[in-house]
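Chemist: Going down the list, the sequences are from chains D and U.
Heads up: the first sequence is residues -16 to 461, going by the working numbering.
Heads up: the second sequence is residues -16 to 461, going by the working numbering.
Don't read these hints as lab results, they were simulated from the structure.
A couple of the hints might just be wrong.
Same chains, same names: a pair is fine if it fits in one copy or spans any two.
Keeping only pairs whose Cα atoms sit at most 27 angstroms apart, straight-line, the calculated DSS-like set for lysine-lysine is [to be verified]:
(1) Lys342 - Lys(-6)
(2) Lys397 - Lys68
(3) Lys129 - Lys88
(4) Lys294 - Lys62
(5) Lys129 - Lys116
(6) Lys231 - Lys342
(7) Lys261 - Lys68
(8) Lys82 - Lys68
(9) Lys453 - Lys261
(10) Lys342 - Lys88
Number of protein chains: 2
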Amino acid sequence: MDDDTGALPLKEDFSAWYNDLLWRAEIMDVRYPVKGLYVWYPYGFAIRKFVYQRLRDLLDRDHQETLFPLLIPEQEFMKEAEHIKGFEDEVYWVTHGGKTPLDVKLALRPTSETAIYPMYALWVRSHADLPIKYYQIVNTFRYETKQTRPLIRLREITSFKEAHTVHATWEEAGEQVEEAIRIYSEFYDGLCIPTIVSKRPDWDKFPGADYTIAVDTIMPNGKTLQIGTVHHLGDHFSRTFNITFEDKNGERKFAYQTCYGISERSIAALISIHGDDKGLVLPPAVATFQVVIVPITIGTRHEDVIAAAQKLSSILSAAGIRVKLDTREMRPGAKYYWWEIRGVPLRLELGPRDLDAGKVMAVKRTGGKTAVDLATAPEEITHMLCEITENLRARAEDHTRTHLCPANSIDFLKNTLDKGNVAVIHWCQDRGCGESIEEQTNGSILGTDVRSPYVPAVEGICIACKKPGKPTIVGRAY
Amino acid sequence: MDDDTGALPLKEDFSAWYNDLLWRAEIMDVRYPVKGLYVWYPYGFAIRKFVYQRLRDLLDRDHQETLFPLLIPEQEFMKEAEHIKGFEDEVYWVTHGGKTPLDVKLALRPTSETAIYPMYALWVRSHADLPIKYYQIVNTFRYETKQTRPLIRLREITSFKEAHTVHATWEEAGEQVEEAIRIYSEFYDGLCIPTIVSKRPDWDKFPGADYTIAVDTIMPNGKTLQIGTVHHLGDHFSRTFNITFEDKNGERKFAYQTCYGISERSIAALISIHGDDKGLVLPPAVATFQVVIVPITIGTRHEDVIAAAQKLSSILSAAGIRVKLDTREMRPGAKYYWWEIRGVPLRLELGPRDLDAGKVMAVKRTGGKTAVDLATAPEEITHMLCEITENLRARAEDHTRTHLCPANSIDFLKNTLDKGNVAVIHWCQDRGCGESIEEQTNGSILGTDVRSPYVPAVEGICIACKKPGKPTIVGRAY
Chain D
-16 MDDDTGALPL KEDFSAWYND LLWRAEIMDV RYPVKGLYVW YPYGFAIRKF
34 VYQRLRDLLD RDHQETLFPL LIPEQEFMKE AEHIKGFEDE VYWVTHGGKT
84 PLDVKLALRP TSETAIYPMY ALWVRSHADL PIKYYQIVNT FRYETKQTRP
134 LIRLREITSF KEAHTVHATW EEAGEQVEEA IRIYSEFYDG LCIPTIVSKR
184 PDWDKFPGAD YTIAVDTIMP NGKTLQIGTV HHLGDHFSRT FNITFEDKNG
234 ERKFAYQTCY GISERSIAAL ISIHGDDKGL VLPPAVATFQ VVIVPITIGT
284 RHEDVIAAAQ KLSSILSAAG IRVKLDTREM RPGAKYYWWE IRGVPLRLEL
334 GPRDLDAGKV MAVKRTGGKT AVDLATAPEE ITHMLCEITE NLRARAEDHT
384 RTHLCPANSI DFLKNTLDKG NVAVIHWCQD RGCGESIEEQ TNGSILGTDV
434 RSPYVPAVEG ICIACKKPGK PTIVGRAY
Chain U
-16 MDDDTGALPL KEDFSAWYND LLWRAEIMDV RYPVKGLYVW YPYGFAIRKF
34 VYQRLRDLLD RDHQETLFPL LIPEQEFMKE AEHIKGFEDE VYWVTHGGKT
84 PLDVKLALRP TSETAIYPMY ALWVRSHADL PIKYYQIVNT FRYETKQTRP
134 LIRLREITSF KEAHTVHATW EEAGEQVEEA IRIYSEFYDG LCIPTIVSKR
184 PDWDKFPGAD YTIAVDTIMP NGKTLQIGTV HHLGDHFSRT FNITFEDKNG
234 ERKFAYQTCY GISERSIAAL ISIHGDDKGL VLPPAVATFQ VVIVPITIGT
284 RHEDVIAAAQ KLSSILSAAG IRVKLDTREM RPGAKYYWWE IRGVPLRLEL
334 GPRDLDAGKV MAVKRTGGKT AVDLATAPEE ITHMLCEITE NLRARAEDHT
384 RTHLCPANSI DFLKNTLDKG NVAVIHWCQD RGCGESIEEQ TNGSILGTDV
434 RSPYVPAVEG ICIACKKPGK PTIVGRAY
């Protein structure tokens, strides 16, 4: 780690804050010698581990984890016309093995439809095989020509969770889309990250899909970040890859499919939304350490205090709390700073006077200081961790609520976006109107059929053509 | 899954048995349309998950998990001369992003020294930063020209655990080598896989290492499989990548390094060593399901039996046992066959008569049938799972012991290898003698400094030149 050569920028200078925090909190090192590829520090990787374990736990209820190869032969990759068009400019190609040119070029998966579906064609035989609900967590690759950003726009997405399901009917696939949205909502709620779910306009759907439902969140600078997508694939891919099944009447039919993904953008959102001017603030559910104990020792009482801190650490560990006892030879203040920037939700300060009083001082990373009885520490601390979670959730919800603003005219919409907000407009869903709105405001139509407690589902007048329109989210997107 | 079109070959026809078992037990599908790349079925992936979780648990005691990029720029990859020579023929190269040729070719990591060590050069500053003990579990790539085999010889190694450590002195790095061997021994002992640890001859060490200690196991056909390696890298890489630290006296010094790896060959060994003519046999520690309950229902008692089976399933789950209740509409015999081939360690058969007697019939996959009291089922079944583990360990140890044969002459050595055994010879460690032995017997000198309870550490006479020699393992290696 580099030496600390100054203070963290204020969070209102979001881009500088974000880049600085990533290395100060030891999340990612951006100095890897290839553009768009980054290194996970162990501290950041531990957060990733907890976040993805939650995602696995949610999916494992009725999905199964699997693993497909990274390399996709050119002929498979090129099979689905719309899909290729969506990806051909950003696919990395392996052309040589050793010094030998390969007979068939191999694509690094940008996403795995074309790796998985030829196998599904072998696996699906009868209606009794359906539904199939598999997922994998893998690295995927995009030759991004836009500016790259750690965790947000990458050339190696290191942590792509992609699920691929197969169903007997279009309707069942549609129900699975809804189920995926429920899973993603639960996942993000567990991370205290507010979400806005909407249906992407047709020109922005996944290449080869019937429709795409997206999960966005509002970042501290008011830009929106797409942190999950769910695609109804209809039977496009099953026709291309010949995924058929025999139905109950013995007829052979094409299957219907969905796919849905989440990447390490989930962690970009986690860091960005909860962090503050002092650094990271981690929800206890995914904190590397949920509690840090800082012993404050003076002279002769050193051993007493250390012994008590060790005992407290053991008791908290036994209660299932991830606790770090920091016995390094540093000033307590330097330790506070160290763990604050790393976002540990709760700090316990234990000195001789606390010990004599049978207490420990608990300092919440979200604010507030309380003396806690050592005798009842596990219960009280578990309770405080819940409070911190609720603080974070409330703060984040508040940010979303106050940054979602209705806009009734193009001018007002532009103004809303310029001020760092996300707008709710009405739009007639005509592509011409959509493009006109986007061009005039430098915004993106994120979607219609909005699911958000802050967006009432009432019809209105399209801000471009004045015909009847539906509630629509417009933002400046990452 | 394909329909079952015949019986599993006998295990004595090992290669046919192995290939057949992989798909019948739903471990890997070999039909992916690129040579040397395979697909993990969910059932196989679950085994992988349990195996790698054990490995993580062992390493996490004093290592930290991290994640580095897959793509290595040509100039970094080409820095260490010996290392390149070892890998240049088998590296996949990415040359294009979209339709654009890349300015710098990118290697798919065959192993990550050249990805990780430029970062270590940035991270290591002072003796206080040492030791560093990081690991990652990643996919790596080798353009194998030899015959590929699922889990054994792959073009995409999907599950490479590689650890990379940095130390202040050569001796400390040497101690870390010993620690890594202890970790690997404990890991394989947990999987009931016997290991033979030895020091590879100089010409077979890792490209760029001072020395390599390898972990081999004896496969059912008598061939040896390398299932782990530990390398003392000396200061070769630290000199190339400029990994230096300031010691306590303020002097700048090159660091010393080790690296050590385990791949999905651990799972190839697990499957091969424990499996039998009926299919997979999984040690309970890593079994997808440790217990399967098969209700045997006849007419009116159907609901009673199912209710009792569900209750038993809940009780066992609550006791921390991974249990599968199989209520599919199939004959019990077909279910027995299904779960036997998939290696579930313990089968519980529950019928009306068992229920009346307050019993359940427990059938061990390793042989033996016992009626167990429903009232004390969790304790008895936990105990039986331990017995199965011990059965597997004893059986595997026995195989190793009886297949490790001393050989005092070249002829006898060749004969020993031809009979499907691994030989213990004495060898003077001269390369000429080594090559002569290998050529005459079509065997490989696996190593000296052998650590195995079955190989006494007594000096002898080199079977090639009759000079003094050390105990040495010779085998036919995968």
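Chemist: Would you mind marking each hint as holding or not holding in the structure?
Modeler: Hint check:
For a Cα distance limit of 27 angstroms, the shortest separation of Lys342 from Lys(-6) qualifies neither inside one copy, at 34 angstroms, nor across copies, at 65 angstroms. Within a single copy, Lys397 and Lys68 get their C-alpha atoms no closer than 32 angstroms, and across copies no closer than 59 angstroms, so neither meets the 27 angstroms cut-off. Proximity of Lys129 to Lys88 under the C-alpha cut-off of 27 angstroms is found in both arrangements, the shortest distances being 25 angstroms within a copy and 20 angstroms between copies. When the C-alpha separation of Lys294 and Lys62 is checked against a cutoff of 27 angstroms, the pair qualifies neither within a copy, at 63 angstroms, nor between copies, at 50 angstroms.
Taking identical chains as interchangeable, the C-alpha atoms of Lys129 and Lys116 are never at most 27 angstroms apart, the minima being 33 angstroms within one chain and 35 angstroms between chains. Proximity of Lys231 and Lys342 under a CA criterion of 27 angstroms is satisfied in neither setting, with 69 angstroms inside one chain copy and 40 angstroms between copies. Taking CA atoms no more than 27 angstroms apart as the test, Lys261 paired with Lys68 passes in neither setting, with 44 angstroms inside one copy and 49 angstroms between copies. Taking the shortest alpha-carbon separations for Lys82 and Lys68, only the inter-copy value of 12 angstroms comes in at or below 27 angstroms, while the best intra-copy value is 30 angstroms.
Taking the shortest Cα distances, Lys453 and Lys261 never come within 27 angstroms of each other, neither inside one copy (41 angstroms) nor across copies (62 angstroms). In this assembly of identical chains, the alpha carbons of Lys342 and Lys88 never lie at most 27 angstroms apart, being 66 angstroms within a copy and 61 angstroms across copies at closest.
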